[in-house]
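2 protein chains.
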Amino acid sequence: MSLNIAVLATGDELINGEMADTNTSRIAGILGAHGYTVGESRVVGDVEEEIESALCDLAGKREVVIVTGGLGPTEDDLTARIAAKAFGRRLVLNDEALAQIRAFFAKRNMEMNPRNEKQALLPLKSTILGNRLGTAPGFTLHQQNCDLFFLPGVPKEMVDMLEQQVLPRIQQRSGGTAPLQERILKVFGLSEPRVEELFDGQTLPTGVALAFGVDFPFVHVKLRASGESAEPLLDRAEVQTRQLLEPYVFANGQETLAGNVGRMLTDAGLTIALAESCTGGIVAGMLTELPGASAFFERGAVTYSNTAKHDWLQVPPEILQNPGAVSEACALAMARGIRSTAGSDLGLAITGIAGPDGGSPEKPVGTVFLALSDGQNEQVKGYRFSGERDRIRRMASCMALEWVRRYLNSRL
Amino acid sequence: MSLNIAVLATGDELINGEMADTNTSRIAGILGAHGYTVGESRVVGDVEEEIESALCDLAGKREVVIVTGGLGPTEDDLTARIAAKAFGRRLVLNDEALAQIRAFFAKRNMEMNPRNEKQALLPLKSTILGNRLGTAPGFTLHQQNCDLFFLPGVPKEMVDMLEQQVLPRIQQRSGGTAPLQERILKVFGLSEPRVEELFDGQTLPTGVALAFGVDFPFVHVKLRASGESAEPLLDRAEVQTRQLLEPYVFANGQETLAGNVGRMLTDAGLTIALAESCTGGIVAGMLTELPGASAFFERGAVTYSNTAKHDWLQVPPEILQNPGAVSEACALAMARGIRSTAGSDLGLAITGIAGPDGGSPEKPVGTVFLALSDGQNEQVKGYRFSGERDRIRRMASCMALEWVRRYLNSRL
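Chains A and B are the protein sequences, given in the same order. Quick note, the first sequence lines up with residues 285 to 696 if you use my numbering. Quick note, the second sequence lines up with residues 285 to 696 if you use my numbering.
Just to be clear, a hint being listed does not mean it is correct.
Treat identical chains as interchangeable: a pair holds within one or across any two.
No more than 27 Å apart at the CA atoms, straight line, and that leaves these computed lysine-lysine pairs for BS3-like [to be verified]: (1) Lys647 / Lys440; (2) Lys391 / Lys402; (3) Lys391 / Lys665; (4) Lys402 / Lys369; (5) Lys647 / Lys391; (6) Lys369 / Lys345; (7) Lys506 / Lys402; (8) Lys440 / Lys391; (9) Lys506 / Lys440; (10) Lys409 / Lys369; (11) Lys440 / Lys402; (12) Lys345 / Lys409; (13) Lys665 / Lys647.
Note that these hints are calculated values from the structure, not bench results.
All chains should be built: construct the whole structure from the sequences, respecting the hints.
And the structure:
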């Protein structure tokens with residue numbers, strides 16, 4: 285049985301455009317994965333009349349309303365009080381909520397600020413939704429034909445509470461649905477229009493829906509199906525998609541490019557060292573995001589200056605003079621140098637012009653050279669990336685990681 | 285005179301969370317800069333009943349409604365037809381719209397696809413809003429006390445139409461407004477409740493509104509005022525706030541911590557070199573975000589292993605043995621070592637346990653030591669940060685940059 289659901293996000297920084305409302309999309313995504321569609325979503329500011337009006341309106345129209353924000357300890361946090369007013373209930377000190385807040389601080393050997401007590405003032409006849417990750421308990425109440433769930437605005441806390449406490453209650457009310465199953469294949473090296481073009485003339489198994497998303501510079505290919513035969517259908521669709529898009533698929537589901545490169549290095553028992561110039565440490569940061577990086581990574585050099593390239597990587601002064609730091613020759617020397625210095629199996633180097641300054645007619649902004657050395661074979665190539673500084677740095681970082689992934693793939 | 289404004293975005297990919305609704309935030313930002321506040325914003329899918337219901341509801345409640353999406357030539361593009369139905373008007377072929385669409389294609393020496401004619405079918409008594417950048421003309425109509433503006437979903441086209449055609453009409457209706465002016469002071473080192481607590485008992489100048497935002501680990505303090513005396517009022521409020529929150533204010537407006545540190549280093553004519561272990565290159569990446577970093581930064585070491593700490597930074601093996609890599613002694617040695625190796629004015633080192641593994645009772649996950657050396661004076665301190673791996677790394681990175689900022693501040 286499907287439910288009539290709305291999502292309401294509150295906060296001045298959301299309505300005035302300052303901050304992106306990521307909570308609403310997250311909620312819609314999680315509900316969607318379980319077979320539920322959201323009918324409408326709304327955003328209002330920290331304005332009493334707007335919040336009250338939205339709560340009353342939605343409670344009258346919908347079966348489930350999920351509200352985020354306004355549960356904090358500051359004066360701008362109005363949700364509980366307004367919910368009480370909107371639904372004609374008294375605002376009372378909820379003992380269970382107060383106990384949870386106290387326990388949260390005690391567990392961390394921290395003092396509870398008196399302001400945090402405000403977070404235990406909830407509408408009469410609310411049920412607490414425990415917050416494992418923060419101070420603000422959420423709460424739920426039933427009004428007319430509607431179940432309203434009030435969650436914190438902090439994304440990690442909101443998601444945890446939604447999955448652990450709200451979803452089961454929703455599922456109980458709806459008697460379960462046919463969860464939507466989804467496979468996400470992540471692609472690097474093809475533009476979205478190009479990926480879409482490749483799917484023209486392809487017939488996916490009946491019952492499998494196709495959608496695309498973009499997370500620059502990656503394209504996400506999403507395959508969805510529901511019902512009992514969802515899994516075998518998606519298996520077939522996934523095989524078909526991989527055949528179509530090889531070798532551009534670098535990850536699936538929640539995997540990341542850096543995470544997969546790290547995993548493949550660990551599995552292969554190989555180590556890598558990095559020499560970064562224009563990317564300034566971004567690649568090292570990405571490779572060390574996941575725990576266990578010390579299995580394959582023991583050092584990286586951010587050689588932003590020519591002197592550093594010479595000192596740490598033994599790039600010869602002649603090369604730095606001509607053809608210069610942004611060249612195939614320099615990238616190669618950097619890759620060999622870091623590999624040798626670190627004693628690692630692989631050496632990866634990135635040198636380029638991130639902009640907006642530093643470009644020339646021969647080497648415009650966006651010119652980046654990558655080099656990869658394994659002691660026996662070497663690979664070096666120049667690119668011309670476009671866009672602004674951060675976009676060029678991000679593109680160069682991802683391309684460098686993709687080089688490593690493809691190298692490791694070729695060894696399998 | 286202020287106006288009662290709502291924004292409505294339509295599209296399945298928006299309501300199901302696949303795509304971020306950036307149009308609504310853009311609109312709110314542009315309107316905000318001109319002194320207008322949005323009362324509420326809504327998102328619905330490509331569902332007739334939902335779109336119709338939202339249009340009727342908002343037209344009855346608001347003075348201005350801005351609608352984005354659904355003006356394209358495909359079958360999913362329903363907006364014009366549903367607006368006609370919602371407001372009881374016939375859908376008619378609008379000659380001016382058709383002429384504009386034809387002219388758009390002619391100008392580009394392209395054929396008009398017959399599908400594009402659908403884009404000229406608009407509700408009776410609509411006024412065209414010309415689209416300089418795409419095929420779909422927008423349109424506006426007056427219903428009850430409400431002016432509705434229907435804009436394309438393509439962001440570039442939407443923004444252009446909003447600024448060129450919608451804003452002047454809104455300003456005409458409102459007789460102009462007093463643009464809202466805002467100052468944002470960014471704070472590091474105090475929690476949001478603590479910042480709020482400090483404002484208790486403070487009286488800001490009349491007419492200045494105060495709001496808070498959080499962007500972990502930073503707190504944003506926002507001061508707002510409108511009208512002719514906005515600027516002097518905000519000047520006074522800003523002085524008062526800075527006095528209250530010194531020395532925790534690290535930036536204002538769009539400035540960032542890393543950006544300000546870079547600027548201060550450049551102004552002081554000082555250079556810095558980094559030795560990062562658990563932060564894996566994040567600090568170097570932050571410092572090189574803005575152009576011109578080569579003025580103060582020439583190298584950083586990501587010494588993830590003990591061997592690298594010894595090789596590149598000359599950290600003595602005895603220290604790596606005992607008290608170990610995560611210690612005051614090691615952090616100090618790293619800071620001295622990178623400073624000496626790089627020949628920079630300042631050496632900054634970070635070594636710690638980002639987790640989730642690697643902790644012990646004496647040195648739990650989150651234990652991080654920072655050290656800063658300028659050749660004459662040294663500073664070293666241990667912290668216990670909490671949270672997950674990425675949160676610990678982010679906190680350590682920001683604290684390290686804050687150390688440099690405060691050091692540079694003390695020299696002014």
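How the hints compare with the structure:
Proximity of Lys647 to Lys440 under the C-alpha cut-off of 27 Å is restricted to the inter-copy arrangement: shortest distance 26 Å between copies versus 44 Å within a copy. In this assembly of identical chains, Lys391 and Lys402 lie within 27 Å of each other by CA distance solely inside one copy; the values are 20 Å within and 63 Å between copies. Taking the shortest Cα distances, Lys391 and Lys665 sit within 27 Å of each other only across copies (25 Å), while inside one copy they are farther apart (54 Å). Only within a single protomer do Lys402 and Lys369 lie at most 27 Å apart by alpha-carbon distance; the minimum there is 16 Å, versus 47 Å between protomers.
In this assembly of identical chains, Lys647 and Lys391 lie within 27 Å of each other by CA distance solely across copies; the values are 18 Å between and 57 Å within a copy. Taking the shortest Cα distances, Lys369 and Lys345 sit within 27 Å of each other both inside one copy (18 Å) and across copies (21 Å). In this homomeric assembly, Lys506 and Lys402 come within 27 Å of each other (Cα to Cα) only across copies, at 23 Å, whereas the closest approach inside a single copy is 43 Å. In this assembly of identical chains, the alpha carbons of Lys440 and Lys391 lie at most 27 Å apart only when taken from the same copy (19 Å versus 50 Å across copies).
When the C-alpha separation of Lys506 and Lys440 is checked against a cutoff of 27 Å, the pair qualifies both within a copy, at 24 Å, and between copies, at 24 Å. In this homomeric assembly, Lys409 and Lys369 come within 27 Å of each other (Cα to Cα) only inside a single copy, at 13 Å, whereas the closest approach across copies is 42 Å. Only within a single protomer do Lys440 and Lys402 lie at most 27 Å apart by alpha-carbon distance; the minimum there is 21 Å, versus 44 Å between protomers. Proximity of Lys345 and Lys409 under a CA criterion of 27 Å is satisfied intra-copy only: 21 Å inside one chain copy versus 31 Å between copies.
For the homomeric pair Lys665 and Lys647, the shortest alpha-carbon distance inside one copy (14 Å) is at most 27 Å, but the shortest distance between copies (44 Å) is not.
In summary, the structure agrees with every hint in the numbered list given earlier.
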